[in-house]
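Q: Based on the hints, put chain U in the right spot on chain X.
2 protein chains.
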Amino acid sequence: MKIAIAQQNYHIGNFEANFENIRKGIQQAKEQGADIVVFGELAVCGYPPRDFLEFEDFINKSLEVIEKIKQESEGIAVVVGAPTINPVPEGKDLFNSAYFIADGKIIHKAHKALLPTYDIFDEYRYFEPVTTFEVVQYQGKKIALTVCEDIWNIGNENPLYKICPMDELIKQEPDFMINISASPFDYNHAKDRIDVIRANVDRYGLPIFYVNNVGAQTEVIFDGGSIVMNDDGKVVQELPYFEEALATFEVEELINSKGKLEKDIEQAKDKMNLIYEGLLLGIRDYFGKLGFKKAILGLSGGVDSAITLVLAAHALGSENVRAVLMPSQYSSDHSIDDSIKLVENLGCSHDIIPIQNPYEAFLKTLAPQFEGTSFNVTEENIQARSRGVILMALSNKFGYILLNTSNKSEAAVGYGTLYGDMAGGLSVIGDLYKTEVYGLCDYINRNGEVIPKHILTKAPSAELRPNQKDSDSLPDYADLDEVLFQYIEQRKGPKEIIAMGFDKALVDRTLRLVNINEYKRYQTPPMLRVSPKAFGMGRRMPIVGKYLS
Amino acid sequence: MKIAIAQQNYHIGNFEANFENIRKGIQQAKEQGADIVVFGELAVCGYPPRDFLEFEDFINKSLEVIEKIKQESEGIAVVVGAPTINPVPEGKDLFNSAYFIADGKIIHKAHKALLPTYDIFDEYRYFEPVTTFEVVQYQGKKIALTVCEDIWNIGNENPLYKICPMDELIKQEPDFMINISASPFDYNHAKDRIDVIRANVDRYGLPIFYVNNVGAQTEVIFDGGSIVMNDDGKVVQELPYFEEALATFEVEELINSKGKLEKDIEQAKDKMNLIYEGLLLGIRDYFGKLGFKKAILGLSGGVDSAITLVLAAHALGSENVRAVLMPSQYSSDHSIDDSIKLVENLGCSHDIIPIQNPYEAFLKTLAPQFEGTSFNVTEENIQARSRGVILMALSNKFGYILLNTSNKSEAAVGYGTLYGDMAGGLSVIGDLYKTEVYGLCDYINRNGEVIPKHILTKAPSAELRPNQKDSDSLPDYADLDEVLFQYIEQRKGPKEIIAMGFDKALVDRTLRLVNINEYKRYQTPPMLRVSPKAFGMGRRMPIVGKYLS
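Order-wise, the sequence lines are chains X and U.
Residue numbers for the first sequence follow my numbering, beginning at 1 and rising by one.
Residue numbers for the second sequence follow my numbering, beginning at 1001 and rising by one.
Among these hints, one or two may not hold up.
Unchecked claim - If you only want the chain U side, here are some residues facing chain X, beta carbon under 10 Å, derived: (1) Lys1070; (2) Gly1347; (3) Glu1360; (4) Asn1381.
Claimed, not checked - When the alpha-carbon atoms are kept at most 30 Å apart in a straight line, the in silico DSS-like pairs for lysine-lysine are as follows: (5) U:Lys1142 x U:Lys1293; (6) U:Lys1171 x X:Lys546; (7) X:Lys260 x X:Lys142; (8) X:Lys495 x U:Lys1109; (9) X:Lys61 x U:Lys1504; (10) X:Lys294 x U:Lys1546; (11) U:Lys1397 x X:Lys469; (12) X:Lys533 x U:Lys1293; (13) U:Lys1533 x X:Lys61; (14) U:Lys1533 x X:Lys533; (15) X:Lys520 x U:Lys1453; (16) U:Lys1495 x X:Lys61; (17) X:Lys30 x X:Lys109; (18) X:Lys397 x U:Lys1162; (19) X:Lys260 x X:Lys162; (20) X:Lys469 x X:Lys453; (21) U:Lys1105 x X:Lys495; (22) X:Lys546 x U:Lys1294; (23) U:Lys1495 x X:Lys105; (24) U:Lys1162 x U:Lys1142; (25) U:Lys1520 x U:Lys1397; (26) U:Lys1171 x X:Lys495; (27) U:Lys1109 x U:Lys1068; (28) U:Lys1520 x X:Lys397; (29) X:Lys293 x U:Lys1546; (30) U:Lys1068 x U:Lys1162.
Stated by the list, open to error - Some, not all, of what chain U presents toward chain X, calculated at C-beta under 7 Å: (31) Asn1158; (32) Lys1289; (33) Lys1293; (34) Ala1361; (35) Leu1366; (36) Arg1385; (37) Tyr1419; (38) Gly1493; (39) Ala1499; (40) Phe1502.
Calculated directly from the structure, the hints in this document are not laboratory data.
The C-beta atom is built at its ideal place from N, Cα and C for all residues, glycine as well.
Bound-form chain X, shown alone (with noise of 0.2 Å):
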């Protein structure tokens, strides 16, 4: 029996042209002889649908599409992924199932019992838990056919559920695992994956194909790097990540497969390099879903913005990308020239586009209420601001989409001007601290100078008052950044982190600016999703609560 793995890249509730993808999956499938071709999770309507899941419309839709699949599934086999209606009236009222569909019928549909229900995931806002397991009898074999998470509740001492799907199809004696999936990148998930794979083929024996969705669904990067491992535990392929593809593989040859392959043939997992190809995903198809081309941003000489221009321009191509240098009376010179040294490597247009006017007409027409104040902060602001006008003007005239060039660091500790710098249709490096900006700069340079290296020396400024520098404001980065990741990714409380070895006041600030910024947060664009723990719809924080603030 020949199974053909189909990883590809849905769009949301773009139902033509998600079957007409399935559609050529399975024509693929058939040239290569497959008897079984198997899509991703939630196929046919794209993942996450989110609440259009609650319109009637939106499901008909999406049933629609499993009716026109079965004409398509003469002569093969389809596993796909759709919402089913719950026939019970108690319960969600739906379920997130797998389809297995053959010859014009459907032979079988595999709820997905395992509801993520924790960081981006909302599943259980939608779907009713299955409690019942059934192998999928086709052609002499029996599958054990699951939905994602399903296979993901084995080898953790924490469990977050408490039933384990496969300890019941076991039971069943099937001859394989199929587990449709979309499962979100981030940078240590590809290892994850097959780490979790591996403890299923090795509990129960089996070998198993596993096909997870690729493409980006505006901040959430789904990576594909779709896997079958044989009986052995041994990696036979994993699919690329970051691209679809479409491979066909012999059931037989993955079984009593003992010493067959002596290693994993899998791809290489650097962190820099997997978050540079998922950020050019996360650009493209960010603009690609909503019919744009044309992205727009402001170069400031920081390397922030310098990496992000470099991922619009790898992303959308040179021609398509506005590089816009606004300088103030308290801007370097070698901001300027730095700039310009970068747009000329990478071969974007640029223009150069003092704010003084503006500022200076905001400064005069507040001077009857700014009577008797000082330069502050929110002087810096309206420059921030200025800016942030002529870009959002540039962007409306001409058709761009701006892009946001702040850190995680910067969005953690509220470093930035709401409706300024903050602004923005996509934040392209908000899931990136500012120490790893600096790492994936040393990995865009890795084989010549793309981003100059004056950029990447010189200390961190906003250049928004005279001689500012950013460790003025904040902490060194190297600890911020430290102390950051403790407390977001890691989830720990103060008292943990002082037992670090971290300063206590040190801290306490740090901790306490997160908190008291939720609301600049708030008002972000979506920030690429690289981490495993990302601002935005991953972590939801109350804006007036007051918690170590």
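A: Using the frame of chain X, we list chain U on its own:
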């Protein structure tokens, strides 16, 4: 046996303040001779604590408050909500519990079984549902103690859950019911609540003490309205809406009460009055809990900023609200006159700050880039954003929170400028359709003119180009709002709405506008929630989706 119900306003994560509030409530209940005093759901940490629940430190601080409450429980039993650590490794780490504490000891913990995970609720993100139930035995009585949603799964043709906790508890023959809640306000909720409570009393034949929290937590407003209902299904008392209160009742008087009360002793539930009072509390708590006193807002001469100013002045005091008039060359004279009349009626301070200088400075600055283009929405947005910069500058310089004045119709169809009129710390009327805004204005003027009549009678206009009217760009608000209501609140699809008699072109255009403007709403301030379906955390939509768009 006497039971006190304590309806209190908690502050998320402010353990000291919450404990002090609870301590005072215990004291007051003792003075009233109560045997038991009942507080609300998650009273010790405030509701909803959201992802703070993932921090061990936060849970430990909650449990420390429980220890302190034990010390206060000599001679009285205290029922109070707090998170509990789940001792079993499988499943979520916490329970959402009602503690029953007496004489320094925890007598019982009733964990929540039905975990709302819809709209603004994310409880299964944090809590394990309990599946076994036991009454509390205290002073010869048996008490059915439940948490909020646990009593909401009856009398519904499409129940959300598969179990009904009271159906289990009733088998143990309790004498009465206690339910502790954090059940948020919307303009239908007070009536729904009484209906559900009565359905429980009717089904189980027992009186109930229902204690709800009061107070706003960012966008979510808790209205209180705690209820004591006798076993005849009559409301014996409904505590006030939108304020703290404590009252004590004799249990015996609620049992075998048939015919004792002729009718419910309940408060009026006029929609506009509830919305008005709810929004005042929402404003007051947003400022109070963040430690701010003063609000600023832009006053355009239109109905939205007028009502926002009235609400802010009534909530915070006229002396704490500053109105800023920012005319442009496109502003009509009446906009200034009407606005000045309004601030005079209210006694607020105001500034007149023309935007001509910054607006022209931006046009001059962008002239090289804009050469050969004509005036369009870009120049309109520059005006709106110049106003945004001015308001934020005053906010930054003098410590005001900027109030956003957008309504729900605008937010729905994207009729607003990001970083311009969509700026602000809090959206006051973002959950009111334009037609509801007019209704609320009529309510404000019910005893005499507060909002000048001309503001209510003139045609709505953004005044961003000569003779502009909202009706140039948008359908008539009466039609638009009804279509929006069907799509947003009722979750109807296009076919169903058209079948109601609405024009297909209007429906398709409206639904498309809602869906393509998700990116704008992502960056709007939190909106005080007064309807059953508000934008924000209760409505989660993909940005890059392509559905009805």
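Q: With reference to the structure, classify each hint as holding or not holding.
A: Checked hints:
For lysine 1070 of chain U, the shortest C-beta to C-beta distance to chain X is roughly 23 Å, which exceeds 10 Å, and the interface hint is violated. Here the hint on glycine 1347 of chain U is broken, as its CB sits about 20 Å from the closest CB of chain X, past 10 Å. This hint holds: glutamate 1360 of chain U has a C-beta 7 Å from the nearest C-beta of chain X, less than the 10 Å allowed. With a cut of 10 Å, the hint placing asparagine 1381 of chain U at the interface with chain X holds, because the nearest CB-to-CB distance is about 5 Å.
Our distance criterion of 30 Å between C-alpha atoms is broken by lysine 1142 of chain U and lysine 1293 of chain U, whose separation comes to about 47 Å. With a C-alpha separation of about 42 Å, the suggested pairing of lysine 1171 of chain U with lysine 546 of chain X is violated against the 30 Å cut-off. Between lysine 260 of chain X and lysine 142 of chain X, the direct Cα distance comes to roughly 23 Å. Compliance with the 30 Å bound is thereby established for this hinted pair. A C-alpha spacing of about 28 Å is found between lysine 495 of chain X and lysine 1109 of chain U, which places the hinted pair at or below 30 Å, so the restraint holds.
A hinted pair counts as satisfied when its Cα atoms are at most 30 Å apart, and lysine 61 of chain X with lysine 1504 of chain U qualifies at roughly 19 Å. A threshold of 30 Å between alpha carbons decides the hint, and for lysine 294 of chain X with lysine 1546 of chain U the separation of about 19 Å falls inside it, so the pair holds. Distance restraint check for lysine 1397 of chain U and lysine 469 of chain X: the Cα-Cα separation of roughly 22 Å lies within the 30 Å cut-off, and the hinted pair is therefore satisfied. Proposed proximity of lysine 533 of chain X and lysine 1293 of chain U is contradicted: the alpha carbons are some 34 Å apart, above 30 Å.
Proposed proximity of lysine 1533 of chain U and lysine 61 of chain X is supported: the alpha carbons are some 23 Å apart, at most 30 Å. The hinted pair formed by lysine 1533 of chain U and lysine 533 of chain X meets the criterion: a straight-line CA distance of about 28 Å does not exceed 30 Å. Restraint check: the Cα-Cα separation between lysine 520 of chain X and lysine 1453 of chain U comes to about 37 Å, which exceeds 30 Å; the hinted pair is violated. For the hint pairing lysine 1495 of chain U with lysine 61 of chain X, the CA-to-CA distance comes to about 12 Å; that is within 30 Å, so the pair holds.
With a CA separation close to 22 Å, the supplied pair lysine 30 of chain X and lysine 109 of chain X stays within the 30 Å bound. The suggested pairing of lysine 397 of chain X with lysine 1162 of chain U is violated, with an alpha-carbon distance near 54 Å, which exceeds 30 Å. For a cut-off of 30 Å, the pair hint linking lysine 260 of chain X to lysine 162 of chain X is broken: about 36 Å separates their Cα positions. Taking the CA atoms of lysine 469 of chain X and lysine 453 of chain X, the gap is near 19 Å; set against the 30 Å cutoff, the hint holds.
A C-alpha spacing of about 28 Å is found between lysine 1105 of chain U and lysine 495 of chain X, which places the hinted pair at or below 30 Å, so the restraint holds. Taken as a hint, the lysine 546 of chain X and lysine 1294 of chain U pair is honoured in the structure, with Cα atoms around 19 Å apart against an allowance of 30 Å. Between lysine 1495 of chain U and lysine 105 of chain X, the direct Cα distance comes to roughly 28 Å. Compliance with the 30 Å bound is thereby established for this hinted pair. Pair hint lysine 1162 of chain U plus lysine 1142 of chain U holds up; C-alpha atoms about 25 Å apart against a cutoff of 30 Å.
Restraint check for lysine 1520 of chain U and lysine 1397 of chain U: satisfied, since their Cα atoms lie roughly 27 Å apart, inside the 30 Å limit. With a CA separation close to 46 Å, the supplied pair lysine 1171 of chain U and lysine 495 of chain X exceeds the 30 Å bound. Distance restraint check for lysine 1109 of chain U and lysine 1068 of chain U: the Cα-Cα separation of roughly 17 Å lies within the 30 Å cut-off, and the hinted pair is therefore satisfied. For a cut-off of 30 Å, the pair hint linking lysine 1520 of chain U to lysine 397 of chain X stands: about 17 Å separates their Cα positions.
The suggested pairing of lysine 293 of chain X with lysine 1546 of chain U holds, with an alpha-carbon distance near 17 Å, which does not exceed 30 Å. Only pairs whose Cα atoms come within 30 Å are accepted, and lysine 1068 of chain U paired with lysine 1162 of chain U is rejected, the gap being roughly 37 Å. Because the smallest distance between the Cβ of asparagine 1158 of chain U and any Cβ of chain X comes to about 5 Å, under 7 Å, the interface hint for this residue holds. The closest approach between the C-beta of lysine 1289 of chain U and any C-beta of chain X is roughly 4 Å, which is under the 7 Å cut-off, so the hint is satisfied.
Here the hint on lysine 1293 of chain U is broken, as its CB sits about 15 Å from the closest CB of chain X, past 7 Å. Taken as an interface hint, alanine 1361 of chain U checks out: its beta carbon lies about 4 Å from the nearest beta carbon of chain X, inside 7 Å. Satisfaction of the interface hint for leucine 1366 of chain U is found here, the shortest Cβ-Cβ separation to chain X being roughly 6 Å, below the 7 Å cut-off. Hint on arginine 1385 of chain U holds. Least Cβ distance to chain X is approximately 5 Å, under the 7 Å limit.
Interface restraint check for tyrosine 1419 of chain U: the shortest CB-CB distance to chain X comes to about 4 Å, inside 7 Å, so the restraint holds. Interface restraint check: glycine 1493 of chain U against chain X, minimum CB-CB distance 3 Å, threshold 7 Å, status holds. A hinted interface residue such as alanine 1499 of chain U counts as satisfied when its beta carbon comes closer than 7 Å to some beta carbon of chain X; here the least separation is about 12 Å, so the hint is violated. With 7 Å as the threshold, the beta carbon of phenylalanine 1502 of chain U stays out of range of chain X, its nearest partner Cβ sitting at about 15 Å, so the hint is violated.
Hint compliance for this structure: hints 1, 2, 5, 6, 12, 15, 18, 19, 26, 30, 33, 39 and 40 are not met, and every other hint is.
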